[in-house]
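Asker: The listed protein sequences derive, respectively, from chains A and B.
Residue 127 is where the first sequence starts when you use my numbering, and the numbers rise one by one after that.
Residue -7 is where the second sequence starts when you use my numbering, and the numbers rise one by one after that.
Source of the hints: derived by calculation from the structure; they are not laboratory data.
Do not take every clue at face value.
Stated by the list, open to error - The calculated lysine to any residue pairs, modelled on SDA-like cross-linking and capped at a C-alpha distance of 20 Å, are:
hint	chain 1	residue 1	chain 2	residue 2
1	B	Lys67	A	Glu415
2	B	Lys42	A	Gly420
3	B	Lys67	A	Lys512
4	A	Lys512	A	Phe326
5	B	Lys67	A	Leu417
6	B	Lys42	A	Thr682
7	A	Lys512	A	Ala323
8	A	Lys512	A	Gln341
9	B	Lys67	A	Asp456
10	A	Lys512	A	Asp327
11	B	Lys67	A	Gln341
12	B	Lys67	A	Tyr428
13	B	Lys67	A	Gly420
14	B	Lys67	A	Arg424
Stated by the list, open to error - Here are some, though not all, of the chain B residues that point toward chain A, as calculated from beta-carbon distances under 8 Å:
hint	residue
15	Phe92
16	Val96
17	Val105
18	Ala115
Note that CB positions come from ideal geometry on N, CA and C, so glycine has one too.
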Amino acid sequence: MTSVVAIALVVIASSIVGGLSLRYSRNTSDFLVASRTVSARLNAAAICGEYLSAGTFLGLAGLVMVFGPDMLWYPVGFTAGYIMLLVLAAAPLRRFGSYTLPEFAAGRLGVDWLRRLAAVFVLLISVIYLLPQMKGAGISFREATGAPYWVGVAIVATVVGGNVAIGGMRGVTVVQAMQYVIKLAALAIAAIVLWIATSFDSGPSVFADGPARLQRDHRFEFTRGAVLRLEEPLVVEVDGVVDGELRTGSVTLQSGVHGFEPGTVALLPAGAPVPLVGGGYQPGERWREPLREGPRRRHPTYLTISIIVATVFGTMGLPHIVTRFYTNPDGRAARRTIVVVVFLLGLYYVWPVVLGVLGRRWAGDLLASGGTDAVVLMLPERVLGKGLGASLLTGLLAGGAFAAFLSTSSGLIVAMAGAISHDLSRSSGGLGGVRRFRWAAGGSALLVALLGLGVERFEINVLVGWAFAIAASSFCPLVVLGVWWRRFTGVGAACGLLIGGGAAVAAVVATVVGTFGAGSWPAALCSQPAAWSVPLGFLAAVGGSLLTQATVPLGTVALLARMHTPEPNFR
Amino acid sequence: MSEEPRPRVTVAHPMTRASRSRGAQQSIDVRSASGVDEASSELALRSIMKAQGGISFRWFTALTLLLTAVFVVLKLFPSVAMVRVVGIPLAWLLLGGGLFPVFVLIASRFVQVTERLEQRFVALTGSLRSDASRPSAASESADPFDEDA
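Please construct the entire structure, taking both the sequences and the accompanying hints into account.
Answerer: In structure tokens:
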């Protein structure tokens, strides 16, 4: 009940603050970049509010409890990605003075068709990034109320589509800054309270050796075959086939490996190791150590390197993040904003990790059921037991989670609507532009909601990782070369987008379709493509440019000079 | 430091082709406002680009080396990664929180360095400006580099 109230509060507050700004949003500039009047600190909070999505609010804790310390590279990479943006591109991009990545591409390289090609990638990345937000909304609302999956998806899509269509960027800036505070407070309070409660508990240390163990008796209904590895004999209640024999009632299992057939029901006592379910998660005996192989995790070194590359280079290629930087008044403010952003991100990322670690200690059964994306929302009740305290904390977390879905989705819908209304269609701005933006925002929200209904089986952070990998392979070469290389050409940029970005997209499609056998090298290369697709994107962009040197735009030197020179009013 | 009002720079509506060319004029504004002849301003611009590039490359390398070093230590020395500091394994402590203050330091130091460079650039063009007797060119002049103009 408290969860419903909290979610309602967040949704209503977001709508009201967004709605209040309606009267300030008059022209296209207001809609897209808040007319560039946003202060560095407010902007930094808004950037964080927008950046910290379902992926880090829910997904990160879930991944940490399954795969251990390798997953900590996600927040490290997300933060380092901002430093890369700062060091390589922030001020020059801002000084260039266009609104969106497609516009930067076309303006910098002097070819108009590049704008439409880039807009296609903006849409692609935005959609892939929006899907996990929809999944997060669906499972959170179900967790909080028991309502079907689609209800949460519908709520978030409606609120975001409406908010963006009404208020545009000006509206969402204040809302997103507020949403950062809500998210930080929710995670930090929950993590601190639950950590203290855990330290009073007499059970094993959170970093104890051995497999994850059940915190209390748990009844498993195995829909797929399961394996239980025992170090000492264990008495279990079963109904079904165990080790090839039909058994009912109390059974003593000796130490060793035992198999449960699909359809078997088993009641395992508290303290028992979590069984490994076919296709489910690997409970992982050496979970706390970095770079360990497991049945569900082959080639951990390659996968981790690829995650680092994707997150570190993907941030500067995310369309909603780069748009956000144009709300700074000048290049210097853009840089200072990033310093604050890096600080605010560091402040935030500690807490999902704490919750993930606690999740393994208190909710090990999720490793078998596969519902780890919801662990953050389940923890208060697991640790504190049913009661007012747990209910308040769950409400706080549910509210924070919705803040995460709303803010990230808003930024992405702004990016999508901007790409559709300004980059894909020939536009002359003005009132017609605003109307077109509104329609595009509504349409994007509807499309994403429909697609979001179909992604329940994907892990949140895996989807987020794909968005980063595609952004890193397509837009990162475009931005870096566009800012620094005077021999860059439009054809080169197109080669980078199509070959680098295209390869990353193809790899993701191959993974979704399941082209390669699980655990094989090709499957690993496709599931995390960034380690090879980002260099490929750079090579293609450089190669394509060198082959078309005759088409280097005439104004290149002047453009580069403007990007690297302090603004006229610089003090 | 300016003895005459500088031409105002319009933040133009950027949705049109015209705006792109106007954006390019902003760079002309920098030059004409500084009142320096083409050749020496071109030289100043090239030098600041080179200096900015040098700083960016150095800090890019530093960040890459830091991340690589952490990864290599975790990969090659698992026993070091599992050393417990205040009860938490080092790998967890480092990746889960320890790197973030370093990131803030890196970011703020980079901003300091690059802002100092830009201040020197502004001071330089300012002093060139007071040496030059020539009045500043009209800011509306066509940009020779811009194809849209």
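Asker: All hints, please: hold or fail.
Answerer: Comparing the hints with the structure gives:
no., hint, result
1, Lys67(B) <-> Glu415(A), "holds (10 Å)"
2, Lys42(B) <-> Gly420(A), "violated (48 Å)"
3, Lys67(B) <-> Lys512(A), "violated (42 Å)"
4, Lys512(A) <-> Phe326(A), "holds (17 Å)"
5, Lys67(B) <-> Leu417(A), "holds (7 Å)"
6, Lys42(B) <-> Thr682(A), "holds (15 Å)"
7, Lys512(A) <-> Ala323(A), "holds (14 Å)"
8, Lys512(A) <-> Gln341(A), "holds (15 Å)"
9, Lys67(B) <-> Asp456(A), "violated (42 Å)"
10, Lys512(A) <-> Asp327(A), "holds (16 Å)"
11, Lys67(B) <-> Gln341(A), "violated (32 Å)"
12, Lys67(B) <-> Tyr428(A), "holds (11 Å)"
13, Lys67(B) <-> Gly420(A), "holds (16 Å)"
14, Lys67(B) <-> Arg424(A), "holds (15 Å)"
15, Phe92, "holds (3 Å)"
16, Val96, "holds (5 Å)"
17, Val105, "violated (10 Å)"
18, Ala115, "violated (11 Å)"
In terms of the numbered hints stated before, the structure departs from hints 2, 3, 9, 11, 17 and 18, listed from lowest to highest.
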